[in-house]
Amino acid sequence: MTEDGIRCDGRRLDELRNISIKVGVLKNADGSAYIEFGKNKILAGVFGPRDVHPKHMANPDSGILRCRYHMSPFSVTERKNPAPSRREIEISKVIKEALQPAVILKDYPRTVIDVFIEVLQADGGSRCAALDAAAVALADAGIPMRDLVSACAAGKVADRIVLDVNNEEDQEGQADMPVALMPNMGKVTLLQLDGILKPEEFKTCMQTALVGCKRVYEIQRKALMEKYFQNGEQ
Amino acid sequence: MNSQILDQLKRDKILDLLKTGKRIDGRALDEQRPLIIETGVIPKANGSARVKLGNTEVITGVKIQPDKPFPDLGDKGILICTAEILPLADPNAEPGPPNEEVIELARVVDRGIRETEMIDLHQLVLIEDKSVIGMFIDSSVIDSGGNLFDACSYASVAGILSCTVPKYEIKDEAPVLVEGVTSKPPIKTLPVSVTMARIGDYVIVDPSKDEESCMDARITITTNSDGNICAVQKGGSDGFTAEQLLQCTELALVVGRKIRKQFEQLM
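Quick note, the sequences are listed as chains A and B, same order.
Its first residue numbered 25, the first sequence is counted upward by one per residue in this note's numbering.
Its first residue numbered 65, the second sequence is counted upward by one per residue in this note's numbering.
It should be emphasised that the hints constitute simulated quantities derived from the structure, not laboratory data.
Warning: the hint list may mix true and false statements.
Stated by the list, open to error - Distance ranges between label pairs, derived from CB positions:
#, chain 1, residue 1, chain 2, residue 2, range
1, B, Gly90, A, Cys32, 46 to 56 Å
2, A, Thr26, B, Glu102, 46 to 56 Å
3, A, Leu144, B, Pro98, 45 to 55 Å
4, B, Gly198, A, Pro133, 41 to 51 Å
5, A, Gln254, B, Gln72, 38 to 48 Å
What the hints assert, rightly or not - Which residues of chain A face chain B? A partial, calculated answer using Cβ under 10 Å:
#, residue
6, Val212
7, Thr213
8, Lys227
Each residue gets a CB set at the ideal place from its N, CA and C atoms; glycine is no exception.
Could you build the full structure based on these sequences and the hints that come with them?
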């Protein structure tokens with residue numbers, strides 16, 4: 025990073041990578057989205073509400089949400105074993121728990137909503153990008169939601185707090201903090217941190233990430249509007 | 065079905081009490097259950113600890129043995145923390161491959177110790193890129209009574225503090241154990257994880273099993289001896305507001321200080 029805060033990929037400290045989201049990219053899924061978040065390329069598909077298999081997982085009082093985050097073997101520099109790793113299982117769980125507060129499951133007892141996420145190419149911050157795509161795919165599936173979920177990471181690189189940590193910065197950096205927000209309800213539904221932050225830095229880092237989440241939200245909204253309100257009407 | 069009705073009744077009771085500033089077991093909102101740490105419980109391990117946090121009980125063993133370094137980390141020793149919930153610990157626990165809760169538990173415990181840089185891994189190198197010392201810190205939950213995150217983390221830290229590192233010498237490029245010579249592990253800082261739950265608008269420290277069964281969201285924050293925040297994991301099916309999260313970091317620092325004193329007595 026340079027003295028005046030230009031980062032290794034040319035971004036300013038508070039600048040997001042380029043994000044583009046396409047809604048409804050899969051024919052078979054009830055809802056889907058494709059996101060390019062910097063070099064991340066991620067597909068999300070949503071099925072349901074539908075019957076639960078295995079049956080014992082069904083909840084008579086509410087629908088359930090399931091989530092699978094999976095990385096393609098060719099998505100990273102060294103080939104990844106296609107079997108789900110412990111990291112992927114943990115990420116699947118935190119993504120599910122980040123989406124769950126937004127989805128109104130009570131209306132669909134005994135059913136499941138499945139969210140499948142496939143990381144085709146990974147480049148740092150893939151869990152946030154995956155979550156962004158998954159939230160849009162849920163909306164595309166027509167699932168009733170209280171709010172969208174928008175995610176973005178912030179971190180500490182070369183002693184400075186930066187928005188949207190990329191892969192190199194994650195490897196060399198001092199801290200990485202992925203955050204997900206329900207923007208209209210002001211609720212943080214995902215928060216993780218690895219790295220060392222002073223309490224003031226923690227606060228700044230979280231606030232930086234939250235600003236990023238709100239910007240991502242605008243991009244998600246625009247992507248949904250593009251599909252559903254083609255003529256610019258609302 | 066039945067358990068859901070019970071959870072709802074329990075939740076109402078717990079919430080009613082919280083509104084009057086009380087918890088179902090009589091604790092203050094920011095009060096942990098008593099923590100009892102016993103070390104050296106497994107003499108065949110290089111370090112060990114048995115930790116009781118209220119009704120939760122965990123045994124951790126530390127095994128130390130020479131190993132090959134990770135290909136991209138040739139200048140560092142190996143540190144791996146695992147955790148498992150034994151089938152005898154909980155009526156709902158089953159033998160077999162770990163489920164997502166258990167995987168999360170193990171990864172959060174590992175992250176707390178790794179990210180605080182508790183152990184100076186550079187001091188565990190025998191020959192760079194070829195041979196290093198590996199520390200394997202395995203925790204087994206033997207009685208599950210809520211807040212397994214902190215119980216496993218405390219047991220792991222106590223196990224590490226109690227361990228003695230055997231000495232290895234390199235002969236013909238292979239590590240050979242030197243009998244009778246040991247040293248203390250290279251400790252840089254003391255990580256303390258503090259787990260909190262949100263029930264309604266209330267944040268409580270160290271949730272018991274009953275409180276966990278009806279919490280809205282959970283957060284685990286690990287701090288180091290310098291008062292920095294080093295690892296965070298939010299869990300549970302709902303969220304926190306930004307203000308609640310800042311309140312949680314302060315709680316983690318304050319409560320963490322008390323636990324750290326208990327660790328210091330083990331050193």
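Against the structure, the hints:
1. B:Gly90 with A:Cys32: 46 to 56 Å: holds, 54 Å
2. A:Thr26 with B:Glu102: 46 to 56 Å: holds, 53 Å
3. A:Leu144 with B:Pro98: 45 to 55 Å: Check passed, 50 Å falls within 45 to 55 Å.
4. B:Gly198 with A:Pro133: 41 to 51 Å: Between B:Gly198 and A:Pro133, where Cβ atoms are some 49 Å apart, the hint holds.
5. A:Gln254 with B:Gln72: 38 to 48 Å: The hinted range 38 to 48 Å holds for A:Gln254 and B:Gln72, with Cβ atoms some 46 Å apart.
6. Val212: holds, 5 Å
7. Thr213: The hint holds - A:Thr213 has a Cβ within 10 Å of chain B, the shortest such distance being about 4 Å.
8. Lys227: holds, 6 Å
Hint compliance for this structure: no hint is broken.
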